[in-house]
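Following the hints, put chains G, P and R in place on chain F, whose structure we already have.
Protein chains: 4
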Amino acid sequence: MCYSLIIGEIKGTWPVHISGGKLIKVGIIGASGYTGAELLRLLKAHKKVEVTYVTSETYQGQKISKLYPNLRGHFDLKLSPLEVTEAKKRAELLFIALPHGESQRVVRQLFNESRVPSPELRIIDLSGDFRLKSADIYEKWYKIHHEHPELLGKAVYGLPELNREKIREARFVTNPGCYPTGAILALAPLLKKTAVFEKSIIVDSKSGVSGAGRVPGFQTHFCQVDESVKAYGVGTHKHTPEMEQELTALRGEDVMITFTPHLVPMNRGILSTCYASLKEELEEEITGIYEDFYDDHPFVKVLGEDELPETKYVLGTNYCHLSARLDERSGRVIVISAIDNLGKGASGQAIQNMNLILGFPEDEGLKAPGVFP
Amino acid sequence: MCYSLIIGEIKGTWPVHISGGKLIKVGIIGASGYTGAELLRLLKAHKKVEVTYVTSETYQGQKISKLYPNLRGHFDLKLSPLEVTEAKKRAELLFIALPHGESQRVVRQLFNESRVPSPELRIIDLSGDFRLKSADIYEKWYKIHHEHPELLGKAVYGLPELNREKIREARFVTNPGCYPTGAILALAPLLKKTAVFEKSIIVDSKSGVSGAGRVPGFQTHFCQVDESVKAYGVGTHKHTPEMEQELTALRGEDVMITFTPHLVPMNRGILSTCYASLKEELEEEITGIYEDFYDDHPFVKVLGEDELPETKYVLGTNYCHLSARLDERSGRVIVISAIDNLGKGASGQAIQNMNLILGFPEDEGLKAPGVFP
Amino acid sequence: MCYSLIIGEIKGTWPVHISGGKLIKVGIIGASGYTGAELLRLLKAHKKVEVTYVTSETYQGQKISKLYPNLRGHFDLKLSPLEVTEAKKRAELLFIALPHGESQRVVRQLFNESRVPSPELRIIDLSGDFRLKSADIYEKWYKIHHEHPELLGKAVYGLPELNREKIREARFVTNPGCYPTGAILALAPLLKKTAVFEKSIIVDSKSGVSGAGRVPGFQTHFCQVDESVKAYGVGTHKHTPEMEQELTALRGEDVMITFTPHLVPMNRGILSTCYASLKEELEEEITGIYEDFYDDHPFVKVLGEDELPETKYVLGTNYCHLSARLDERSGRVIVISAIDNLGKGASGQAIQNMNLILGFPEDEGLKAPGVFP
Amino acid sequence: MCYSLIIGEIKGTWPVHISGGKLIKVGIIGASGYTGAELLRLLKAHKKVEVTYVTSETYQGQKISKLYPNLRGHFDLKLSPLEVTEAKKRAELLFIALPHGESQRVVRQLFNESRVPSPELRIIDLSGDFRLKSADIYEKWYKIHHEHPELLGKAVYGLPELNREKIREARFVTNPGCYPTGAILALAPLLKKTAVFEKSIIVDSKSGVSGAGRVPGFQTHFCQVDESVKAYGVGTHKHTPEMEQELTALRGEDVMITFTPHLVPMNRGILSTCYASLKEELEEEITGIYEDFYDDHPFVKVLGEDELPETKYVLGTNYCHLSARLDERSGRVIVISAIDNLGKGASGQAIQNMNLILGFPEDEGLKAPGVFP
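Chains as they are written, first to last, in this note's numbering: chain F, 1 to 373; chain G, 1 to 373; chain P, 1 to 373; chain R, 1 to 373.
Next comes chain F alone, as it looks inside the complex (with noise of 0.2 Å):
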């Protein structure tokens, strides 16, 4: 299957009416869970387009802002149960915040049974059924059938910092998942610049507890997550094969990656710790690769050689702040990215992702400083 094809097939100038000045319509298709609501909060501070739409099939019904009081003299809007026609109707750009599963059969209705959705509409899906482009790894991986595998492939996948232009001309973009945004950038510049082992690679990561969604349950429970670190899902996490799809995709070598995520007591968050061996001496500093690679990218923070990421300082944020050290005594790189994986990781990324296709400013809507202390 050739990739370039496939998003040729989608890709398309914009509509003329959007140029003007009027607000762009968009909808958030499942958005009483965090990411939605947290597109709903970043959304307040965007002067170019208007929520016009949010479904919910639990909630459907009750405000928004009752389920969020957050969003309480934000937002007005009633949570409706999802019909396809009404969502076309009433938005030019849809958010999907569904869970992995869910978003396959959603996503092909609204591409109206045809292989390539429909001129008028644009898809930025944030679940994980469209990241993957093969359906034998999605079904290895998430442990569940793809309906509809005709789809898989034709998303962009929705990181600036490697496919901006790309994105710029998508119709459909799928959104990448919290663990690979913090883990792909900390090492898209190490694979792209070094001579580094292609399977030498370890990403070790640290999430807070708004990753496992607004649904209760154990792994959830105050009790059980406060006062404790744990690691789950190890060597099993279905983020891998992204992590190794796109960081395949820019070596051009087969990339392997361990990767083993934690969970920690706090809300928001993920610190990636990421390591790979190097096949010989670099010939810069590790810093100045970094900051080169990162030079033109408003929203990935390369920091100085005396500091190191920390999660706090992007809470809130669609910002990557990250540090790459060289530990001689090893020959091994360390790269620490943080992200607010309900921002860079999610919700703000997915607005970064939106002012690209509609020719915003790329920071539109993502402006504010992180919330510190």
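For the record, the hints were derived by calculation from the structure and aren't laboratory data. Take the hints with a grain of salt, since some may be wrong.
Put simply, identical chains are the same to the list, so a pair is met inside one copy or across any two.
[Said to hold, decoys possible] Straight-line C-alpha distance at most 20 Å; calculated SDA-like pairs for lysine to any residue:
1) 367 <-> 74
2) 78 <-> 232
3) 238 <-> 307
4) 192 <-> 92
5) 78 <-> 143
6) 25 <-> 308
Frame of chain F, contents of chains G, P and R only:
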């Protein structure tokens, strides 16, 4: 001393040059603390001012974004040691975010050794030095001598929900304390509109740790605070007379308050649970009384009968969420307010006051919803 | 109904076989919840009993150490579904750690359908089902019907600091609620020894999340609780009449309490800040009154004038730390108590009661200091 | 320098008077810090020793229970300034809980200026001063000069799972670091029993804040730590050579470790996620290798295939919970260990060592299950 006359002395028409399209220059004296950093975070979103001057003795010469990496990419300012002449030259409005005791001297200097401030400068003092109108009461509760009692009473108490019009005309505003803000907003409608016993009032407040400031000590050591709740300053907290002074002024009768602050393991937020006994049965629904009182006040949200405030929902904002309940068995009213101690309890309110003083929309720079979760 | 007569019916001399060197067999009905697990944790250190029977319907067949890995290596017990006959055969004393509503039925069955328990069995019920002596009050506050009102009043209220001698002779003890334990210990000396107004009492309590139990829900989701404080059950919490009943009995006059519970982001601990107005000036120091009252009570520690309780210092223990302060301005006494809601507030106190019933040293199994930090 | 000879010099038969029924007298030099307080907490449950001497320069004259109110009612001891002669007179075994750098001098003095300790005294040093056998390596990683290199190598490395018999005969034990304890326990079976590449090892650890000690600073301010994760000491942490030294000794080949510690918002606990690459396929199940290795070691629990360690479950204990997993794709083994940094990572292990030295049951005083939740 006649309060209204004093106010008269320092009110005035805002100079013409401010009404133009130019950005107003503002400075922050004592910018290295949490309230200083929060002012900067919030001012980033403000469209009508620019921060031109930030001071710190301890961190002079350092970039503010080094001290607060959440501000990286947002402010390139360096901290200077305070020089009064320079401060006046560089800014048209100054926020003073110094500890109590230190603020007195600085305000005195900024006021040119005369009894009234210079006509060109506006001052919003976030310390406790000018909130109380009596030097004796200040010394009794703050346990230090007031060096400039001649300035007491010259500042307008900057709680817009009670003093909006006075603030609009003020050149010198004393920003309310964090606990008094939550307590006064909770109690004002009751004391203004109902027959409660003036000496029956109890305020039981629960605060996050940032209220204790940035300088480390045993009381703010993570291991001392985490997984614990405690009361402190029982019967002796210096915010007590501030609550009494303002509520007495509102009520027209001596109000006496028993105030107990508590420390809770969280960064931000104050929940104040306030109790008062009714002299006679209420004639209207208690929630209705609150809705009427706060109808025109954009930052106070009276919650519905089936809701209660949680500090989390106002995190990072200038909002106050509150609920009032009548306990029929005891004839007591229980009012609960939630604010962010650095938001409506300090820097957010300071910006609201600035907006009033400078004739901007009251919510300019303060429109972001709370960060949840 | 005559309280002392009822107690008379169920008291008795402890069977001879118990006084020997053998370990007494105890069981836990409903061992899968937090109070059940805490009983096991504490009983591990107890030298005179062995746990022989643990039940759970939901987790039947599972090892308790699978559910609570902190018990791994300490208990090899499997959870069984409850069978009343088996329970009586396997244990000489049963802790009932079921939710209210469920406990009623089980206690009735254990009592052999007669109005009094069998002479061989001792029961300590940790639910709220037998704390109130009036079925009407139970139904009003618990919002469910009491199926076995004939058993109300037969249980001794298991607060050793008030009822030690009655507990020693009891066969059926109702273990106090977590909030009432903290509040009654804080208020008992005041109501017994001083002239406070009986209707002036306010109890403002702050609890950790384990008080809400192990079953997940939105209210205990980490992201809902963390970084937040809220009040709940304002004026309606079911522990209110329990406080009133016991303090009224102690005082000999009707005591009325306004009680507001709050949820705080920590696992364990309750801090209760209690307020009461004096009818006349105290003749002694308030701390002295408390020291005298609790002189002989090993688990209540009255702190010095320069200290205030913190829940952290009693974490994991059966202790209550408390401070009393006179607020001379208002004529109010403020008493603050700290307990562990699973310790003195539930399982620790249940073991203290067991020790009294079985004639063991009162602190057997309860000697460990709190875990700090 | 011959390790076994040195050990020979200081081993010996335990004096007769100790074998009687009397309590052994122990002292704690530097009792005001967290490890000192944790020693006291745990020794409360120990039936064969009594604490007779506790020192602190800063808090001399104060009761230890004033500094640590969780010890109220358990210890009536006052802190004294250290006097070496007094220490020897008052205690038969001394725990040294001083910071590194300070411990050197004190141990030298206790050893009577001779090269070997006096026959009457046993010393367990919890600092890092005597863990490394090379003064050069000490100075390189600790960044301070070692004043008494003649004592290096005289102490037995007090990890009972590797050195039990040597510890039994030792008079001078150097208690392992918190991170090395977790990492060595996780890696020892692998390095002893399998063909892993000695330079492929990565240890990624996540620690609670109490590891940073009791003295306040910006790094332990609640607002700096709460809701955040960060790495620190990347490639430079002083526990690295300790891990390498002990694992090299065990393996018989040079082991090199990349170690990255992280700070997590919790009081206690270290989770170490360790990675190593296999030279060849394993012939047995990885979990079986670990179960065999730790079969006789009471404090290490190898979890089942369906479990993973969480620090919460070992809170307050001397246990290490661990899981090993084979990642077949990469040929890596991932081993995860959980300890309490103040338990098995410091004071618990020190007591385990004392038990071995004094011939007590190894788990005396260490039998309590973890505190959950």
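Hints, verified against the model:
Both within a single protomer and between protomers do residue 367 and residue 74 lie at most 20 Å apart by alpha-carbon distance, with minima of 18 Å and 8 Å respectively. When the C-alpha separation of residue 78 and residue 232 is checked against a cutoff of 20 Å, the pair qualifies neither within a copy, at 36 Å, nor between copies, at 26 Å. In this assembly of identical chains, residue 238 and residue 307 lie within 20 Å of each other by CA distance solely across copies; the values are 19 Å between and 31 Å within a copy. In the homo-oligomer, the alpha carbons of residue 192 and residue 92 never lie at most 20 Å apart, since the shortest distance is 36 Å inside one protomer and 50 Å across protomers.
Taking the shortest alpha-carbon separations for residue 78 and residue 143, neither the intra-copy value of 34 Å nor the inter-copy value of 32 Å comes in at or below 20 Å. Taking the closest pair of Cα atoms, residue 25 and residue 308 never come within 20 Å of each other, the shortest separation being 40 Å inside a single copy and 33 Å across copies.
In summary, the structure is inconsistent with hints 2, 4, 5 and 6 from the numbered list given earlier, while agreeing with the others.
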